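Residue-level listing of the chains:
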Amino acid sequence: MPVTSTKPYVGIPRDHVTNFCGKQIVFVCWDQHLLFAAPMMLVVEPTMLLKELFDQVWKPLLQADPDSAALKWDQGQWLKSNQPWTPNLEASIAANGIGHKEQLRLKTPGLDTLWAAV
Amino acid sequence: MDVKVTKKKLSLKDRYKLLTRDLGWQTTYQPMDKVYPYVTFEGIKIHDWEKWEDPFRLTVDAYWKYQAEKERKLYAIIDAHAQNNGHLNITDASYLTALKLFLQAISPGEYAASKGFARAGREFGGIGTQVACQMQALDEIRHAQTQIHAISNYNKFYNGFHAFADQRDRIWYNTVPRSFFDDAMSAGPFEFLIAISFSFEYVLTNLLFVPFMSGAAYNGDMSTVTFGFSAQSDEARHMTLGLESIKFILEQDPANVPIVQKWIDKWFARGMRLLSLVATMMDYMLPKRVMSWREAWNIYGVENGSALFTDLARYGIGLPKHWDDVEKSIDHISHQVQMALYQWSFGTSFHSWIPSDEDMAWLSAKYPETFDKYYRPRWENIKKLKAAGTPYANFGLPKLCQVCQLPCLFTEPDDPTSHCQRETEYKGEKYHFCSDGCQHVFENEPEKYVQAWLPMPGLFQEPLKGDIGAWMQWVGLNPGKDTGDYDGSEDQLNFAAWRTQATRNE
Amino acid sequence: MAIELRTVTIKPRRQAYDHLVRRFGDKPASRYQEASYDIQAAENLHYKPTWDPGQDLYDTKITKIIMQDWYALKDPRQFYYNTYTLTRARQQETAEANFNFVESRGLADMLPDALRDVALNVLVPLRHAAWGANQSNTFICGYGYGTTLTQACMYHAMDNLGIAQYLSRLGLLLGDIDALNAGKEAWLNGAAWQPLRRYVEDCLVLRDPIELFVAQNLALDGLLYPLVYECIVDRHLSAKGGSAVAMLCQFMNDWFDETRKWVDAVLKTAASESEHNRDTLAQWARHWIDRAIAAVSPIVEQALGADTGKVVQEYVAALHARIQKNGIPL
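Chains as they are written, first to last, in this note's numbering: chain S, 10 to 127; chain C, 6 to 511; chain F, 1489 to 1818.
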């Protein structure tokens, strides 16, 4: 819907990819692992290999969860922008079609230590 | 002529009318739409400004008189509090987290409201409305100033207060209230009034002020209690203005109803997100608790809110959209927010802490359906990590909601095990939201919200380019002093030492 | 709380909030400084206003005046909410006592008809001009930049409204509701009042906050208040036995003496910032004073008749001198 205003109203997005000095944002979420209060924002170069993104950038951030040692990137269900998706770990972020501010979600049934009480 | 005989006795109402709205006139040298250029574009139709009922008939001289009396009393107490080390009367220094948050997040909001009401006090086409707004503009600057003054003495002794002016514009969690008030001020005068006077002051203020001020009272903070009570009589006027405004607007034209309903939906959604910080304060930050967020919501949200919306039903106004989602979230949000604040406390200008066993027993009693089931296991894990010498900090920076600007930390209304994540694409750019409520706000005015300054992505742009050390300096944080766990903090140690000094027998 | 605290001296760990230390050095800040400096949002403004997408939410560019630091426009009275309300509360006590005095002793009824007519004719329509002034100062508060200036404008706006209300009460006391109606009729249609009403209405559409400050607070009120309250009320009417009217107008006289110091300080600081500012202010002052002379003269004439031209010239000269003293060449 257009903004109700006295004159034409056009907003300039502040987080356009060109503002990130050659990098882009990838949002990642390990579903149901709510020890991590929110999905994470990773800011990386699009040429980075997906496995580097996961192993070297994301994984170290997940140590506090007792299940993190058992986490395998190829075991579980992925969503990319809420659509089922299969990652190619050997390819780059760009080659995986992961755009700026794309949300990746990983669901790992069975890894649910902190849900023991549920 | 004999003046005495001809004098007519004026009713208070008529006299007030002569002293306010009779001052105005229909301009002829300049067209009215140039004099009040912003009064029509929102689509609100006002046929007769005369129908505005002055919610309180306060002349300026009476205003000066009453307010000065209140000011005299207030500052006497603030002075005494400073002179007598009143800060040592608080339960313990962990209480100050609530006060730090108040100064950084709420006081700047009071100032923004003052500015917004000055604009509204100029832009409305009816003098009754203008004068009411102008007086509120004055009251709001009063609140901002008395808060800064009352808290000033705490700043002299404790960390976390000193950079509030920088943090208002720069630190991540403060963009939640900042964007809220920027949003209201960038709206037209009618939406501003519905946002601040009605949605915020009338519907939600009790959920903010009552918990904060009773929290201060329970925890021995007399200077905050005093400014709170002193402000409350102003708030009573503001709430009356809120109710009068909405009734006036709705009665003027049926075409106003859907516009107002849309604003109520929006500002309720935004307001409830803002209040999640208050919920957290009530459940986690007060050493001595007043009531739980759930209990407060039941009284001020469910009971008062339902009564209000039943009353407004005759105009065709219904409960705010997403009311049910909010209801479902009540038993969750404080736990979710506190866990977030704790894990990112390396980047907050206040301390957080792990709830003690006693705290957890209280939380479990107040939230029997949710705390033990969902949140205790996580806290226990966090406790374990701390005991093992590897205290938990989440160095993964959060995805923020494009609208409310909180991290997307809330769960699905019907599934407390999954983060609620919504996204949309607009003009080729992706945007993310924490809830359906925030997504709807975005979709109604995308050109507005694409502009949002989100502090997390902002950190990775020029000039900071992801440099956390430079960011700390930029937001005025002294790592380890202003930030982190309360346990072992300077505030904790100093307070204990000073209190011992002040209570020890010679 | 049941804790007994002994009096102990604890050394403060810091003296003041960071932003005040940066401005004023590492020492305790005054309440005025705490209440005034840097409390307006300055950075990372989120959204463009829907009411004018060409502006920022807080925008220094909507005036021609350029300040490196808008907070330099400080108030020599150091008014923040507390000192402002306390000061006005004392003044309103005096004003109230004056109204009571005049009323209880029936002084209004003792006024000679001719004097009463002059008082009513000159003063009562001015309540509408005071409302206009309220609109101007509310505008400057709303859209001006920096709390040191804008809070003082909000206080000024309230004063303007207060004066409009005192003038209304004066009208009611000296002449009942009919006097207010007659005054409004004169304001709307009386020939003598049209130049002033046009002036006020032109101010209502002026949206450069500092030009409006000049037009309202310097040019118009700088001429109107001395001419009406000092010259007509205090000198002319009092000399003829109308000191009751002077009592009812004491607030306005005291108020003008106090507030002109603030107006002067603001303009002096703005003018000393740059040649550009000085020239701009001078140009505005010339333009609006010329118009103010034309707007005010027919009103003064109702009291002073043939002397008007001479007297107005005297007061214009005084105003010019005042402005030049502030570093604004005319």
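A portion of the hints provided could be inaccurate.
One-sided excerpt, in silico: chain S residues whose CB lies under 7 Å from chain C [what the hints assert, rightly or not]:
hint: 1; residue: Met10
hint: 2; residue: Val12
hint: 3; residue: Tyr18
hint: 4; residue: Gly20
hint: 5; residue: Arg23
hint: 6; residue: Thr27
hint: 7; residue: Asn28
hint: 8; residue: Val53
hint: 9; residue: Met57
hint: 10; residue: Trp94
hint: 11; residue: Leu98
hint: 12; residue: Lys116
hint: 13; residue: Gly119
Sample of chain S residues with no beta-carbon within 10 Å of chain F, all distances over it, derived [said to hold, decoys possible]:
hint: 14; residue: Ser14
hint: 15; residue: Lys16
hint: 16; residue: Val19
hint: 17; residue: Cys30
hint: 18; residue: Leu70
hint: 19; residue: Ala78
hint: 20; residue: Ser90
hint: 21; residue: Ala104
hint: 22; residue: His109
Think of the hints as simulated: they come from the structure by calculation, not from any bench. Note that this is a predicted model, so its numbers are computed, not measured. Each residue gets a CB set at the ideal place from its N, CA and C atoms; glycine is no exception.
Verification of the hints:
1. Met10: Given a least distance of 5 Å, the restraint on Met10 of chain S holds.
2. Val12: At 5 Å from the nearest chain C Cβ, Val12 of chain S passes the 7 Å test, so the hint holds.
3. Tyr18: 5 Å, holds
4. Gly20: 4 Å, holds
5. Arg23: This interface hint holds because 6 Å falls under the 7 Å limit.
6. Thr27: Not OK, violated: Thr27 of chain S not within 7 Å of chain C, min 10 Å.
7. Asn28: Since chain C brings a Cβ to about 5 Å from Asn28 of chain S, closer than 7 Å, the hint holds.
8. Val53: Hint on Val53 of chain S: violated, closest Cβ of chain C at ~10 Å, above 7 Å.
9. Met57: With a minimum Cβ separation of about 15 Å from chain C (threshold 7 Å), the hint on Met57 of chain S is violated.
10. Trp94: 14 Å, violated
11. Leu98: 20 Å, violated
12. Lys116: Cβ of Lys116 of chain S sits 9 Å from chain C, so the hint is violated.
13. Gly119: With a closest approach of 14 Å, the Gly119 of chain S hint is violated.
14. Ser14: 4 Å, violated
15. Lys16: Non-interface label fails for Lys16 of chain S: nearest chain F Cβ at 5 Å, not farther than 10 Å.
16. Val19: 7 Å, violated
17. Cys30: 19 Å, holds
18. Leu70: Nearest chain F Cβ is 26 Å from Leu70 of chain S, so the label holds.
19. Ala78: Given that every Cβ of chain F is farther than 10 Å from that of Ala78 of chain S, nearest at about 40 Å, it holds.
20. Ser90: Non-interface label on Ser90 of chain S holds, nearest chain F Cβ at 26 Å vs cutoff 10 Å.
21. Ala104: Check passes; 35 Å lies beyond 10 Å.
22. His109: 21 Å, holds
In summary, the structure is inconsistent with hints 6, 8, 9, 10, 11, 12, 13, 14, 15 and 16 from the numbered list given earlier, while agreeing with the others.
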